[in-house]
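Enquirer: Join these two chains into a complex; the hints should help.
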Amino acid sequence: MRFILRRLGFYLIAFWASITLNFLLPRFMPGDPVSRMFARSQDRMQPEQIEALRKLLGVDDRPLWEQYIGYMTNIFTGQMGVSISRFPTPVTEVISSQIGWTLLLGGTALVIAAVVGNLLGVLAAWRRGGAVDSALPPLLVFIGSFPYFWLAMGALYLFGVVLNWFPIRHAFTAGLEPGFTWEFIGDVGAHLVLPALTIVLVSIGGWMLGMRNTMIATNSEDYITMAEAKGLRPGRIMLRYAARNAMLPSVTSFGMGLGFVVGGALLTEVVFAYPGVGYQLLNAVQGLDYPLMQGLFLTITAAVLLANFLVDILYVRLDPRVRSN
Amino acid sequence: MTTAILKQPGTTAAKTPAARKPNRSFVHGILTNKKALTGMAVMLVFIALALLAPVLFPGDPSRITAMASMEPSAEHWLGTTAKGQDVLALTVHGSRSSLFVGLTVGFASTFVGILVGLASAYFGKFIDEALSLVTNVFLLLPGLPLLVILAAFLPPGLGTVILVLVVTGWAGSARVLRSQALSIRSKDFVAAAVVSGERAGRIMFREILPNMASIVMGTLLACVIYGIGAQAGLEFLGLGDASTVSWGNNLFWAGNEGALLTGSWWVFVPSGVCIALVAFALALINYAVDEVTNPRLRKIKTPKDTERSAAK
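If you read the sequences in order, they're chains A and B. Using numbering that gives the first Met the number 0, the final residue of the first sequence is 324, and nothing's skipped along the way. Using numbering that gives the first Met the number 0, the final residue of the second sequence is 311, and nothing's skipped along the way.
Since the hints were derived computationally from the structure, they do not count as laboratory data. Just so it is clear, CB atoms sit at the ideal spot from N, CA and C, and this is done for glycine as well. Keep in mind that a hint or two might mislead.
Claimed, not checked - Some chain A residues near chain B, calculated using beta-carbon distances under 8 Å:
| hint | residue |
| --- | --- |
| 1 | W149 |
| 2 | M152 |
| 3 | L155 |
| 4 | Y156 |
| 5 | F158 |
| 6 | V160 |
| 7 | L162 |
| 8 | W164 |
| 9 | V269 |
| 10 | N307 |
If we strip away everything but chain B, and leave its shape as in the complex, we get (with noise of 0.2 Å):
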């Protein structure tokens, strides 16, 4: 859903030909941005990875294929976990789950955060006041011990897991969503819209929406990061869906299995780094979004102009 929103860009930006440049210049940054490129790389390795998991190691990657414990090898690259599980297996069809739940959680989270962020700037006034007071006990409100509680108290299950980190997570963007917002509905064009009888919802999605897609777009790829890294820290204290094999999983059974005390570096060594990369990988496409976007970050060659940006 929030895709589609973000693709409107075109229906603003078609009244006027000059306000089409930058967005085709946006992706032509995008596309020749060295951050931009390695990031997406990553991704697309990894996403290709868990589409063809199924492929790569048929059957199920939990069961029991080999001796315990056994160090990397040509017949199992990664070794084996305590139980005689291959751990390759275990990591590629682990990308599955934590991508998904991170993606999922991300977008959720985000279009909650459209919306909330939307109405506060939009309408204003009480509504404001009220959507803003909510965020802010949200912000304030320990993460952790939030989601523990709520993770404990509901029937465990991957729609619990995915439900409790929007839950936690939407605040953050709506707070950052709800700023920018705000200074586009100051915006004339905006009054404009207003003047000539527009309705809420068109003004909101269709005229200040577009003009912030590169804010929801980093604060899209800022709730994805938290979904997967959220995602592997609740199910590594046991209280995920344990049915499903993800990275989070993963390391839950090498702590539980006790990996890191008989010396098995290599069972939870793996899934920790893919979270790591994935992680890096889409911050470096949000520095690369924030450098295309926002002039002061871009690199100026003489000396005295990066002074000037590097000063803000």
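Next comes chain A alone, as it looks inside the complex (with noise of 0.2 Å):
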């Protein structure tokens, strides 16, 4: 419970510090990007909506401290203004309609490049010096040494343009209904072959190299030997004895991955202009929507920080000498 506590109030500081770092950044900047962003709007809006948003972003008279009270007020109410770009949508109802295009990829991705990639791992290890050992993880080094937006421009022309096996844009086609049919489901599903095996192409390197390396140092306890000599058959021995132990790191590493999730395919939905939170806080960066940016950012650290507290909730479960200190 100490240890669960402990986490808590570090993820409490750090999303204060985020929190923080919001609240600054439009304060102290130099060259002023709030007015010039008011400069450029100021004709759409009502004054009252003015009035709202120069207190968020910190154009107006009060002390400073008064302001910061004011803001933190206004985050934990959920009151994060209006979206510039997206005119007069509240920043809260243009996030919420996005996150979801943004877990789908992301979390779909996440699963098949952690599951592939730790049963590659597992067999790496138990078949030391074979050909899954020797042969993948140089090319994935290699792969991985690509820029990651680059990986998934090739894969876009290859597969998009050359090709034209899967869509290059967008999250479904334009002009189909949203709704629960197998026309739409298989039309997304078209759409997110591209983005998603491009993230599984980077990432599963990682997922592998980390499962074999933990997978060597289990397969040498004695509890191993001792499975091998009462003469257990060896498949159950790689998953049940070796595989299991050797989980640990890998579950650390799918929370963190769950961070990714909601951040880090900022990239892979700009090259693909994947309708997610992080093409929608490009697009808000480059039309100077400030509000959106700042709910966007406050978002993503969110969910990065909650998806590390699940899984020290869930390391708790998993490891007793954890519990014990």
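Expert: Here is the structure:
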């Protein structure tokens, strides 16, 4: 319990730090970006909306500490202002309409990469020096040296433009009515293939190597020898004895991966114009939409912290050593 | 500045003749290591290209010299962009900004990492708690979105790019260096130095730091790789310094001008391959440093030993 509370305190501090960063950035940046934004879009807004945004972004005459308290209150009551590029939609509404796509893309890619990568790692460690062990790691390290977005561009060009196997932009075909019909689900699936595939391709190496290295250490444990001496089937020893005990580091990676799901798919979403949070963040930056930018950044941070906290709780369940301390 | 510190090992090593040997054998080991040699050869080629770029392709590489979107030919080895710029000239000139930013970011974030890591490990207690907290918060904040937000608020320019990359990149090296410094901090010779009344700065930089030179080297290489990749990513998003020619900007324009959709693969392949080659070369050097300094990773001929070393 103490462990959980300690971690919770740490995540709260981290979240406070990111809110404060959000608060300070528009107020202390040179060149007064916020005024620039207002100059661009003033004619479309009502006076009271301008007033609210001014307060949110720090263009007002109150003392700093008063602004800070007001800002905190706004954040914790979910008032993040109005989006400017998609005026007059509230920021929270824009985010909630897009986070689903990000979760779909990132979640699918994470689960596939984690499952396949870990299985490959188990196989590589079990048959050391075999085909999987000697051929795949260098290849995956080499793939990992390419800038991620470049691989995505390559996949888009090869499979989307040249071979024309998969659609290359957006999450579903324009004009298709969203709903739980086979046609729509199939369409979404087809649009998901390329972005998810590229994420899997770059992230699978980390899973595989991590699992392989822990598994090699586990393989030399006495209880594995014991299991072999008992004459258990190799497959059973590999999965139930060795792999099961080598899983712990992968659980941690999975938590970090969950954070990546919300924030890290940014480049993928940009390359494939996938309408998720990351794509929206870049659009917000380009449109000088500071309220939306702040809201997105806070959402992404909150998701990362929450994912990490969940993994900590899970860790306490899985690893008795954490509990006894 | 960091290089000067890295060269310091002589000061402690000189005290005992025995301590000198590992240093010489490190240089020897690196120079006879195949991975290191391959990596260094690739890096030297790129550095040479970067230095010679104004000689090889005089003038502004982004000026329009030919027809738009031409395939590679004898005249334009790598073809031309949708604007009619020579892709080879852009790629060679691009290495200047990419290597410069990568190296600057690498050295700067390693330097910050060294300061934070050493201070954490040496002073301990409250300072360690506070610095570790800050490090962990920075490690946890999602890097790419933070990068985007910072780049959006700061005025665009090369300085911003470097600053933003250092801000998001130092925490990883600080954590690695702290844990290494902690283990050295508990050694007897450090205790002896404390007792003999040496100043804190001297103990940190003259006693502890030289003994973790190989970890610092590995961190530095990793930070350079991060710097080059992250700069390219930032520029690809259109948030870098648009006025310079760099690999990331080349890719940004390739995407922007629809090189993918028109099938001009020669526009976006070269810059990406260059980034990958540099990153791979640096990673090779990094592996080699590991192999030379960590006897467990060395290749040993007898099968029994291989098994044991691999089990680590």
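Enquirer: Evaluate each hint against the coordinates.
Expert: Going through the hints against the structure:
1. W149: This hint holds: W149(A) lies near chain B, its Cβ roughly 4 Å from the closest one there, short of 8 Å.
2. M152: Since the shortest Cβ distance to chain B is 6 Å, the answer is holds.
3. L155: With Cβ-Cβ at 6 Å, under 8 Å, it holds.
4. Y156: 5 Å, holds
5. F158: 11 Å, violated
6. V160: Holds, about 6 Å.
7. L162: Violated. Min distance 12 Å.
8. W164: Violated, about 15 Å.
9. V269: 6 Å, holds
10. N307: Nearest chain B Cβ about 7 Å off; hint holds.
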